[in-house]
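Novice: Quick note: to get my numbering, add 1 to the position in the sequence shown (first position is 1).
Any given hint could turn out to be false.
In silico lysine-lysine, DSS-like type, Cα no more than 30 Å apart, as pairs [as the list claims (entries may be wrong)]: (1) Lys5 x Lys22; (2) Lys59 x Lys47; (3) Lys5 x Lys47; (4) Lys23 x Lys59; (5) Lys59 x Lys5; (6) Lys5 x Lys23; (7) Lys47 x Lys22; (8) Lys23 x Lys47; (9) Lys59 x Lys22.
These aren't lab readings, by the way, just hints derived from the structure by calculation.
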Amino acid sequence: MNVKASEHSCSELTQIIRQNKKVFVRVGFGGRSFRYPPAQCSMGDKRTTTSLRDAGGKQCVLDYSCVFDPASPYNFP
2 MNVKASEHSC SELTQIIRQN KKVFVRVGFG GRSFRYPPAQ CSMGDKRTTT SLRDAGGKQC
62 VLDYSCVFDP ASPYNFP
């Protein structure tokens, strides 16, 4: 499921991630992939916290994101 961070509040984003288990949240031009409950990330990704702004401009910190890991050997051809 894809969601835009700028269209939801922090609590709505958290609820969407919990209900859908795997969500891609668009933030500006890029995005983050979230899983709930926190699970193994895909190869080449790492698990971390991510902060982003919601629809009201409030800063959210989400704890279960999988983001690109530049140090991972899976990201080298």
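Novice: Determine for every hint whether it applies to the structure shown.
Specialist: So, going through the hints one by one against the coordinates:
| no. | hint | result |
| --- | --- | --- |
| 1 | Lys5 x Lys22 | 16 Å, holds |
| 2 | Lys59 x Lys47 | 25 Å, holds |
| 3 | Lys5 x Lys47 | 22 Å, holds |
| 4 | Lys23 x Lys59 | 23 Å, holds |
| 5 | Lys59 x Lys5 | 14 Å, holds |
| 6 | Lys5 x Lys23 | 14 Å, holds |
| 7 | Lys47 x Lys22 | 17 Å, holds |
| 8 | Lys23 x Lys47 | 15 Å, holds |
| 9 | Lys59 x Lys22 | 23 Å, holds |
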